[in-house]
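Novice: Just so you know, the sequences run in chain order A and B.
Note that our numbering has the first sequence beginning at 34, numbered continuously upward.
Note that our numbering has the second sequence beginning at 34, numbered continuously upward.
The set of hints was computed from the structure by calculation and includes no laboratory data.
Quick reminder that beta carbons are idealized off the backbone N, C-alpha and C, glycines included.
Possibly wrong hints are sitting among the right ones.
[Unchecked claim] Now the in silico label distances, taken between C-beta atoms and shown as ranges: (1) B/LYS121 <-> A/ARG366: 50 to 58 Å; (2) B/ASN298 <-> A/ARG241: 42 to 50 Å; (3) B/ASN298 <-> A/LYS121: 17 to 25 Å; (4) B/ASN313 <-> A/ARG241: 43 to 51 Å; (5) A/ALA213 <-> B/ARG242: 51 to 59 Å; (6) B/LYS285 <-> A/ARG292: 15 to 23 Å.
2 protein chains.
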Amino acid sequence: MGTTSGQTGRIAVDAMGGDLGPAEVVEAVRLALRQYPGLNPITLVGDRAVLEPLLARVRRRPEQLTIHHASEVVTMDDKPLMALKRKKDSSMVRAIELVKDGQASVVVSCGNTGALMAAGTLRLRTMEGVARPALAAVVPRQNGHFVLIDAGANPDAKPEHLVHNAILGSHYCRVMLGIARPRVGLMTIGTEEGKGNALITETNELLRRTTDLINYAGPIEGFHVFAEHVDVVVCDGFVGNIMIKSWESLVKFFSGMLREELQANPVRAVGALMSKGAFNALRERINPERYGGAPLLGLRGNILKAHGSSNRRAIKSAIHAASQIIRADMNQRIEADIARANDLLAVPVA
Amino acid sequence: MGTTSGQTGRIAVDAMGGDLGPAEVVEAVRLALRQYPGLNPITLVGDRAVLEPLLARVRRRPEQLTIHHASEVVTMDDKPLMALKRKKDSSMVRAIELVKDGQASVVVSCGNTGALMAAGTLRLRTMEGVARPALAAVVPRQNGHFVLIDAGANPDAKPEHLVHNAILGSHYCRVMLGIARPRVGLMTIGTEEGKGNALITETNELLRRTTDLINYAGPIEGFHVFAEHVDVVVCDGFVGNIMIKSWESLVKFFSGMLREELQANPVRAVGALMSKGAFNALRERINPERYGGAPLLGLRGNILKAHGSSNRRAIKSAIHAASQIIRADMNQRIEADIARANDLLAVPVA
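Construct the entire structure; sequences and hints are all you get.
Specialist: This is the structure:
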């Protein structure tokens with residue numbers, strides 16, 4: 034099959050998997066078509082009987098939007114592997130098959146994460162030269178955003194997987210954040226010589242050999258993640274998943290305490306009302322809806338996972354991101370860099 | 034030597050290593066003596082010529098406070114192993130030697146972390162049955178606090194090390210947070226069957242065999258860390274160090290954004306002034322000074338590491354924590370549990 038990205042340029046949208054149901058997905062599609070005139074064409078995958086009435090009010094040219102029927106839905110409670118086996122006609126599986134068969138380039142889904150990642154990994158092969166896919170996420174930091182990779186796909190990573198993550202993350206950063214030569218940091222625990230663990234020591238050595246390809250800024254420790262040090266944070270899927278979820282938990286805890294303290298007496302409450310704009314602005318700045326999807330990278334074709342509870346705005350952002358990935362020929366460029374990196378890594382250390 | 038904790042009941046305080054200098058440490062000692070009448074006796078370790086004038090205004094009975102002279106100081110810029118080799122008469126090294134020689138039970142220091150951990154690990158042996166010490170930290174969460182262990186001492190942990198961390202952390206949680214039977218969670222990436230990495234799968238299996246000793250609540254993922262799920266979070270030193278430092282970085286980033294937004298226009302600024310009490314209360318709730326020290330556990334004797342920039346209040350808290358550790362006979366009780374755990378782990382799985 035060779036490369037798949039850009040083959041058709043279509044975006045396959047799983048219309049059935051999100052918490053808010055197909056109406057929210059259709060609304061997101063409508064908004065995306067309106068907001069982005071040059072958007073890549075979309076194939077909505079799901080139950081035709083449900084989708085057709087919803088599409089009645091969506092103004093579009095016929096080639097912009099088609100339906101691909103799928104009779105089943107993978108729910109949030111389905112066990113990933115079981116879902117793949119039992120629900121072969123689910124919107125999620127069918128959407129991925131469209132990419133596999135070359136009828137679409139990217140899948141957007143807010144369905145069951147485990148099932149989506151398993152289906153993506155099992156149904157789409159990895160790119161030439163890549164052993165394991167990685168999940169990327171865009172995270173706000175001081176004066177901008179960074180790409181975290183891997184946010185959970187590959188918890189038992191080897192050094193060469195992390196080098197591939199650096200390449201995958203750099204390209205995603207370029208496409209999504211518009212940074213031409215993103216600075217890459219390797220997540221570790223103190224930047225002194227000999228700090229970290231065995232995986233990090235070896236990965237650091239490999240990254241130093243690929244600086245032609247990767248703008249490697251060196252190791253980065255926890256203290257600096259939300260400062261303006263790097264644009265791509267590379268880690269294994271175990272560390273990445275724990276980090277990103279614990280950050281979400283911390284923001285929730287912090288916001289909850291703040292809300293509680295602001296309501297503790299009437300003077301504070303009036304003050305809070307006056308400075309309401311600040312809290313809204315803060316919420317907007319850390320709003321994950323702006324970069325609605327976390328892509329599974331390193332596959333022949335891309336899968337953009339949006340949060341299960343995504344609303345129309347988040348899904349619209351994910352659809353837009355899918356379009357940008359296709360237009361930037363991201364996967365072709367990644368494949369070229371992976372091939373060069375593998376050549377460099379194959380040379381024994383002098 | 035056998036156990037050391039409780040041998041003398043003295044607290045050796047490194048008077049020279051903190052960013053704010055010996056005057057701040059002496060002031061912390063003065064406050065601790067005043068606030069805690071039954072405090073364990075203290076040996077201040079440092080330059081006698083510097084310390085004696087500072088002590089002039091500290092009211093105490095002679096047996097409550099003595100000076101142990103040390104002519105050198107390990108600075109924040111010293112390389113850990115070099116410092117140990119070259120600065121044999123430093124306050125840090127001498128304080129640890131007091132524990133080694135049975136003249137003190139716990140060291141409190143706000144000096145160079147790397148040097149302190151290296152000195153502790155190399156000069157004090159690990160407890161019977163424990164292969165690697167672990168760094169514990171008390172972290173605020175919804176409706177209380179939890180103990181994170183390991184926060185950075187052992188980045189390449191084996192499953193049995195994590196079981197030991199669970200025991201060390203449970204005892205520290207009991208002593209510091211007053212929770213009789215703390216719930217222990219194993220940090221991982223999703224609580225479904227088969228999630229995590231090889232280390233977690235094996236550790237989970239071992240912890241299930243030691244439920245007589247450890248109140249094991251099962252795996253815990255990032256989403257739940259700051260909720261009220263568990264009292265002790267067990268992880269290896271790599272993950273723990275990244276988590277705790279990235280949380281500090283995130284709180285700083287979040288607070289900075291909030292401050293910026295609150296000052297963005299005059300109405301917000303007035304509102305912020307009115308609700309100032311809320312921000313102060315929030316700061317107090319997440320104030321690390323309340324639990325000034327992070328102990329290095331699993332050694333014959335304990336080392337309490339306070340932040341380099343600790344002020345008198347933080348150092349006072351660390352001294353108080355040292356006293357509580359000694360009074361609770363913490364190390365004797367840990368040694369007994371470690372022995373029982375090692376017996377349980379030695380039995381092959383049926």
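Novice: Does each hint hold? Answer for all of them.
Specialist: Against the structure, the hints:
B/LYS121 and A/ARG366 have their C-beta atoms about 57 Å apart, which keeps the hinted 50 to 58 Å range intact. Range check, B/ASN298 to A/ARG241: about 48 Å between beta-carbon atoms, so the 42 to 50 Å window is met. Taken as a hint, the range 17 to 25 Å is violated for the pair B/ASN298 and A/LYS121, whose Cβ atoms sit roughly 57 Å apart. At about 46 Å, the beta-carbon gap between B/ASN313 and A/ARG241 stays in the expected band of 43 to 51 Å.
Look at A/ALA213 against B/ARG242: about 54 Å separates their beta carbons, and that is inside 51 to 59 Å. Our hint of 15 to 23 Å for B/LYS285 and A/ARG292 holds, since their Cβ atoms are close to 20 Å apart.
Hint compliance for this structure: hint 3 is the single one not met.
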